[in-house]
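Here the protein sequences line up with chains A and B, keeping their order.
What the first sequence shows, in our numbering, is residues 948 to 1399, in sequence order.
What the second sequence shows, in our numbering, is residues 100 to 340, in sequence order.
Derived from the structure by calculation, the hints contain no laboratory data.
Model, not experiment: these values are computed from the prediction.
Certain hints may be false.
Computed cross-link-like contacts, SDA-like style, restricted to lysine to any residue with a CA-CA straight-line distance of at most 20 Å [to be verified]:
#, chain 1, residue 1, chain 2, residue 2
1, A, 1389, B, 326
2, A, 959, B, 326
3, B, 326, B, 177
4, A, 1155, A, 1120
Listing some non-contacts, in silico: residues in chain A with all C-beta distances to chain B over 10 Å [what the hints assert, rightly or not]:
#, residue
5, 952
6, 1000
7, 1028
8, 1055
9, 1077
10, 1157
11, 1308
12, 1310
13, 1312
14, 1314
15, 1342
Each residue gets a CB set at the ideal place from its N, CA and C atoms; glycine is no exception.
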Amino acid sequence: MNLLNSIIVGVKEIWSHKFRSLLTMLGIILGVSSLVAMSALVKGMENGMKEALIAMGGLDKVLLEDQQVPPYQEQLSDQAVGRTIDDVHALERSAPLIRLVSPEMALRGATVSRAGKSVTPSELVGVWPAVLDMNLHVLQYGRFFTPLDEERASSVCVIGAGIRDELFGSPEETGREIVPLGQILNINGQPFTIVGMFEHYESERDRKEREWAKAHPQEKTNTGPARMRGWGRRGGWAFWRKNLTVYIPLNTMWVRFRSAAGAANIPDPHLTDIDLKVASLDQLEPALQQARNVLMLTHHGIEDFAFQTQENNVENINSAIHNARMSGGIIAAIGLIVGGIGIMNIMLASITERIREIGIRKAIGATFRDMFLQILVESVVIAILGGAAGLLASLGAVHVLQMIAPTENTPIITLPACVLAFASSVGIGVLAGLIPAFKAAKLDPIQALRYE
Amino acid sequence: MALVELRNVSKIYHLGGEEIRALDDVSLDIEAGEFISIIGPSGSGKSTLMHILGCLDTPTKGTIQIDGTMIQDATARQLAGIRNRKIGFVFQFFNLLPKLNVLQNVELPMVYGGLSARARRDRAMRALQMVDLENRSKHRPMQLSGGQQQRVAIARALVNDPKIVFADEPTGNLDSHTGEVILELLRKLSQEGRTIALVTHDPEIAAVTPRRIEIRDGKISRHIDPKLAGQPRVEPVGVSV
Ligand SMILES: Nc1ncnc2c1ncn2[C@@H]1O[C@H](COP(=O)(O)OP(=O)(O)OP(=O)(O)O)[C@@H](O)[C@H]1O
Ligand SMILES: [Mg+2]
């Protein structure tokens, strides 16, 4: 008997036990769909995390952080200077492996208001123009701060599109893009002129969704609140945060908001952040060493600072993804194995039920190979159908997962995951069929015919 | 050389330490074209002999040669081939596959013989014509009477044009009238030149065949062969008819 005939016989056999075959397939369907859905979730998570990483400034960004004075220098701790603008100047002058230095002086808990509306920005920071390159900002309207703004400590600000949305109305609400250049807003009661606005940051997916909604204006799906926040889907946390930025010149921050905090009539000169970018990621270690040497001079040998690279973040992301992938994979593998056991079980029951048929087939000339193939093909066909149904089901499973646990990351069904899931379902069909097929093929015709 | 040569064949079963000689040193030749019946009481070893002749079972001792092939030396694969091409088997309980229709049942030996779908169909229809059932080709076995089912089984046994047809109590499960129809069919086939060996415990049926072999306790007890002009061939000497 040739393979085509075996397949036809196998499919007929499965068709004649539709319900039983469906139940048998269920294990494989669950295994395949959970494998594909899991990997889609993990892929979405991975993409979201990578996008967020870029939104936060990219891989070559290094944070210079305050650190407890180390124990062996404890007696010097009252002389620790902390991070000041001196460090920034020194690094710019003497650390050529550091491409960019961006000092930041933040004002915590600030409120920005205008005409009765107010918003709490994610960060209100005094900055240099270096911050644009540092945090990968794109200025869409107006200008950034000039040296004159810095020199004069002008009351000007550059805002993220989210601030505009809150105070002036978003394009979705008003139907047009409001550009609030020249408008005045109050930061903790002090008036500032808006001189520039960043573009609206969003994830790749949100951008596509928004463009689609624009192209299909008749479909008004937006019945919910205009804007979902925090860990909600829209934009994701990193993008949401970035859109709610307010920048003012560093000097303005120091003069206007720090004067009350300092000593001896000098406003508090401490910077809240110094961000660095290295000239080349390959030179990360030497660059950090160089920066450290420079800073040890400005800090009089007291090591009250530390570097935090994105490498830590990348490692965290990678290990989180690895873990998610492993646990998802194990769950899916268990599903597939259980499915395989189900198939083997039903095939064993099926050949016991068909011993007489097997005896008749052998009596009229079926060989070991014929019977072996017939049973194996049946098992593989069940697995293939189950695998295909599982792929379809995974589309639904992804939606269900998204509904149960909405995240900012769209699950992405990848081709390799589908291929892997389908191939393993076929492989499991073969494995599950081997023992029943062997048992059937080895049956002695006489004993099989006599079986009641 | 005879079509079938059985030499000193024994089949011994062991049941709980007890030895059961289902066949005890049986020798037998069947020539091409013969119509032969094997008769004996229940448990005498008729079916055992049939199964060994039909290559469904192997002897414990002795040799068997069918159409020049030594069966006891053949591989499982060769045996399957011989069952498929050289032997047609008709069972007492018909043994049709209930899920296949009549035509598919008759086609089945050719499926394992590797014929094309077209050739299978044509030959199966011709075999069904021989047993007068071509108008029932689309029916399931369950929709046929016992006699009709047995005729389908005979068509299936004939479809690969075998050297010899073995029938183990082909009428044993039928009423006497239907049994006669089947017997008539077998006789007709024999007259067309086919080699047929049938098992029965009914002397009336055995009387139809020119050559008769009686088995008792696994041994041939009586042998009636027209070629030997009434001379018993095998010990112990019995009474000729
Ligand atoms: N698989 C087996 N195991 C043990 N003994 C067996 C087996 N098959 C047959 N026998 C024994 O061999 C002997 C012959 O059995 P066989 O089936 O050939 O008889 P038979 O002549 O066909 O009888 P019947 O007319 O009832 O069909 C019996 O005693 C039976 O019990
Ligand atoms: Mg019998």
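The hints, checked one at a time:
no.	hint	verdict
1	A:1389 <-> B:326	violated (42 Å)
2	A:959 <-> B:326	violated (52 Å)
3	B:326 <-> B:177	violated (33 Å)
4	A:1155 <-> A:1120	holds (19 Å)
5	952	violated (6 Å)
6	1000	holds (61 Å)
7	1028	holds (91 Å)
8	1055	holds (79 Å)
9	1077	holds (80 Å)
10	1157	holds (58 Å)
11	1308	violated (7 Å)
12	1310	violated (6 Å)
13	1312	violated (2 Å)
14	1314	violated (4 Å)
15	1342	holds (35 Å)
The structure fails hints 1, 2, 3, 5, 11, 12, 13, 14 (numbered hints given earlier, in ascending order).
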